[in-house]
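Q: Each chain is listed here by its residues.
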Amino acid sequence: MLAFILRRALQSVAVLAVVGLIAFSMFRFAGDPVNQIVGADTPVAERAEVRRSLGLDDPTLVQFARYAGNVLRGNFGISYQFRQPVASLLAERMPATLELAFCATVFALSVGILMGVYCALRRETWLAKLFQAVSLVGVSLPTFLIGILLIFLFSVTLGWLPSYGRGDTVRLGWWTTGFLTGSGLKALILPAITLGLFQMTLIMRLVRAEMLEVLRTDYIRFARARGLTTRAVHFGHALKNTLVPVITIAGLQLGSVIAFSIITETVFQWPGMGLLFVQAVQNVDIPIMAAYLLLVAAIFVTINLVVDVLYTVVDPRLRLSVGKAA
Amino acid sequence: MSDTVLSVRDLSVAFETRRGTLTAIDGVSFDIAKGEILGVVGESGAGKSVTGAAVIGLIDPPGRIAGGTITLRGERIDDLPPERMRRVRGRRIGMIFQDPLTSLDPLYRVGDQIVETIRTHTDLSQKAARARAIALLAEVGIPAPERRIDGYPHEFSGGMRQRVVIALALAAEPELIIADEPTTALDVSVQAQIITLLKRLCRDHGTAVMLVTHDMGVIAEAADRVAVMYSGRIAEIGPVADVVREPRHPYAAGLMGAIPTLTQSPGRLAQIPGSMPRLTAIPAGCAFHPRCPKVFSRCRVERPEPIPVGPSRVACHLFDAQENAA
Numbered sequence: 001m002l003a004f005i006l007r008r009a010l011q012s013v014a015v016l017a018v019v020g021l022i023a024f025s026m027f028r029f030a031g032d033p034v035n036q037i038v039g040a041d042t043p044v045a046e047r048a049e050v051r052r053s054l055g056l057d058d059p060t061l062v063q064f065a066r067y068a069g070n071v072l073r074g075n076f077g078i079s080y081q082f083r084q085p086v087a088s089l090l091a092e093r094m095p096a097t098l099e100l101a102f103c104a105t106v107f108a109l110s111v112g113i114l115m116g117v118y119c120a121l122r123r124e125t126w127l128a129k130l131f132q133a134v135s136l137v138g139v140s141l142p143t144f145l146i147g148i149l150l151i152f153l154f155s156v157t158l159g160w161l162p163s164y165g166r167g168d169t170v171r172l173g174w175w176t177t178g179f180l181t182g183s184g185l186k187a188l189i190l191p192a193i194t195l196g197l198f199q200m201t202l203i204m205r206l207v208r209a210e211m212l213e214v215l216r217t218d219y220i221r222f223a224r225a226r227g228l229t230t231r232a233v234h235f236g237h238a239l240k241n242t243l244v245p246v247i248t249i250a251g252l253q254l255g256s257v258i259a260f261s262i263i264t265e266t267v268f269q270w271p272g273m274g275l276l277f278v279q280a281v282q283n284v285d286i287p288i289m290a291a292y293l294l295l296v297a298a299i300f301v302t303i304n305l306v307v308d309v310l311y312t313v314v315d316p317r318l319r320l321s322v323g324k325a326a
Numbered sequence: 001m002s003d004t005v006l007s008v009r010d011l012s013v014a015f016e017t018r019r020g021t022l023t024a025i026d027g028v029s030f031d032i033a034k035g036e037i038l039g040v041v042g043e044s045g046a047g048k049s050v051t052g053a054a055v056i057g058l059i060d061p062p063g064r065i066a067g068g069t070i071t072l073r074g075e076r077i078d079d080l081p082p083e084r085m086r087r088v089r090g091r092r093i094g095m096i097f098q099d100p101l102t103s104l105d106p107l108y109r110v111g112d113q114i115v116e117t118i119r120t121h122t123d124l125s126q127k128a129a130r131a132r133a134i135a136l137l138a139e140v141g142i143p144a145p146e147r148r149i150d151g152y153p154h155e156f157s158g159g160m161r162q163r164v165v166i167a168l169a170l171a172a173e174p175e176l177i178i179a180d181e182p183t184t185a186l187d188v189s190v191q192a193q194i195i196t197l198l199k200r201l202c203r204d205h206g207t208a209v210m211l212v213t214h215d216m217g218v219i220a221e222a223a224d225r226v227a228v229m230y231s232g233r234i235a236e237i238g239p240v241a242d243v244v245r246e247p248r249h250p251y252a253a254g255l256m257g258a259i260p261t262l263t264q265s266p267g268r269l270a271q272i273p274g275s276m277p278r279l280t281a282i283p284a285g286c287a288f289h290p291r292c293p294k295v296f297s298r299c300r301v302e303r304p305e306p307i308p309v310g311p312s313r314v315a316c317h318l319f320d321a322q323e324n325a326a
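Those protein sequence lines, which keep their order, are chains A and B.
Counting in the UniProt record's numbering, the first sequence runs without a single skipped number right up to 326 at its last residue.
Counting in the UniProt record's numbering, the second sequence runs without a single skipped number right up to 326 at its last residue.
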């Protein structure tokens, strides 16, 4: 098991290195950061000086090597627009994004699995059919539109929930949380639903399809023939088998919840990393963009690793070496 | 008969389809006594498995029992409410399915599945149920059961898994076991072991068995009596020696004639011309008449009812006293 995790971790490092290189070379085409830093009437000589001081004169590979070396030491560079270390900028914004992603994930998983199971077990009821139809909407509507519709309904028309920002936050060491104040919690609801809705409908449809498949298998028939209670058959046997393939997809989707919170954060002016990234793109703030991409890649890779480990926990057939030892 | 375990009378099973109601089983009657093995043979689609599913109350919708009665030890079970029927399944009627590779839930240890079944139907403690599970595994011939009980299904071979399935079917000491093609998915050497095991267990426990198969060899080896099914009806039912050695119904005779023997010169195997009618196009009169070598006019219009012929009952006009007198 340990060897397996180590092997996957090594592969993850390779993935991150490639992502870093691609991100780095891509941003060379994003625009000239010097233009953003200096004024319009700055003399050419001064521009060249700024360029040299930032190391932008060197060949790409040299720049990348220098960047990679710095990153390994935890130094993600200085933001061009804020003149602050990128690491502290991201760290400052990270709690907002992670709390939002966490709520969206909990919402997507709990509601998605519940609705999926309901739709599979009560396939013929009108409520299940309604869920199915509504889920199509959730899958097809773009995130920003859902966000805007929710704002229109709950903030503008009904005035129940705030339309932007995090509300009041409490500082716990370096972490700022919105979980401890009423306005913080209220501010979380709309963005979390917006961010989680797509995943929720996807998980619901996936759970429904998988569970219908599982309910047709021989071992479920056999479980019924053994006289087990409906509850044991549905939730002990069918649901557990359903969740094996669902874990993979759900895991990957949750990575994208963090990565693609950009849109939701923009719609709700949520002070997280996504909003920071969008501002960085507008200002050609390469250090922030590169660091953000690396971070997202790292999150994806970590989630993948966790999913692989979870897989072996749930499915004994995958516990190759461990299974034989038992 | 006082020791009759299962009594099926005029059982009909219908499937509602878009093209109307299809009758898969039509007026089937038979009894199984304590400790007796009744073999049920026939081609694919003759209704063997559906009969078994009807007895244990596991006909998948849109199928339903359309008529007749099923009584277990004098108690009618075909009209029990679902929850009471569930208590009958596993407790009083055990079932063995065709494919041992897919009959066990892959995510649970075999011991957990046996313990789960035992504890569903009895008041045994976890510890006592586990001891009983080990005893059951030993009884069905699994070596080192106290170690193997913690194995997962994928760690067992096909034959061993079928032994586990049999242990599961026996877990709550049922009065009747329905074995639906228990050896079809196994290779020949394992088939004989499983049949011997099944025979021994039923003798030891006095369990009645309904052995569904299309393998005449298995029937001749294991069964006390045999029912030959054709197109949802029983063509001939009687002691295995009579039916195999001296089949009376032309279809049964055709089936027996199609079995290759070691003594005959190897030539073309005998076969019954044509194939079994589809459920949508069952011919009038005797369903077998288009393929019957001894067909006469009455067969085309009047459906034969089972009539006693020696120790057997045969559904064929050839054996009607009127015909013989005429």
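Check before you lean on any hint, since a few could be wrong.
[As the list claims (entries may be wrong)] In silico lysine to any residue, SDA-like type, Cα no more than 25 Å apart, as pairs:
hint, chain 1, residue 1, chain 2, residue 2
1, A, Lys129, B, Thr17
2, B, Lys127, A, Thr176
3, A, Lys186, A, Ile151
4, A, Lys240, B, Arg87
5, A, Lys240, B, Arg119
6, A, Lys129, B, Lys127
7, A, Lys240, B, Thr17
8, A, Lys240, B, Arg148
9, A, Lys129, B, Gly158
10, A, Lys240, B, Gly67
11, A, Lys240, A, Arg66
12, A, Lys129, B, Gly63
13, A, Lys129, B, Arg87
14, A, Lys240, B, Arg130
15, A, Lys186, A, Ser53
16, A, Lys129, B, Arg130
17, A, Lys186, B, Pro62
Calculated directly from the structure, the hints in this document are not laboratory data.
These numbers were taken from a predicted model, which means no experiment stands behind them.
Q: For each hint, tell me whether it holds in the structure or not.
A: Hint by hint, here is what the structure shows:
1. A:Lys129 x B:Thr17: Holds, at roughly 21 Å.
2. B:Lys127 x A:Thr176: Roughly 50 Å separates the two Cα atoms, so the pair is violated.
3. A:Lys186 x A:Ile151: 13 Å, holds
4. A:Lys240 x B:Arg87: Holds, at about 23 Å.
5. A:Lys240 x B:Arg119: The given pair, whose Cα atoms are some 20 Å apart, holds under the 25 Å limit.
6. A:Lys129 x B:Lys127: 45 Å, violated
7. A:Lys240 x B:Thr17: Since the Cα atoms of Lys240 (chain A) and Thr17 (chain B) sit roughly 32 Å apart, the hinted pair is violated (cutoff 25 Å).
8. A:Lys240 x B:Arg148: Holds, because 23 Å separates the two Cα atoms, which is no more than 25 Å.
9. A:Lys129 x B:Gly158: 40 Å, violated
10. A:Lys240 x B:Gly67: Distance ~37 Å between Lys240 (chain A) and Gly67 (chain B) Cα, so the pair is violated.
11. A:Lys240 x A:Arg66: This hinted pair is violated, its Cα atoms lying about 48 Å apart.
12. A:Lys129 x B:Gly63: 23 Å, holds
13. A:Lys129 x B:Arg87: Measuring from Cα to Cα gives roughly 32 Å; hence the hint is violated.
14. A:Lys240 x B:Arg130: 23 Å, holds
15. A:Lys186 x A:Ser53: Roughly 46 Å separates the two Cα atoms, so the pair is violated.
16. A:Lys129 x B:Arg130: Outside the cut-off at roughly 43 Å; violated.
17. A:Lys186 x B:Pro62: 48 Å, violated
When the structure is compared with the earlier hints, violations turn up for hints 2, 6, 7, 9, 10, 11, 13, 15, 16, 17 and for no others.
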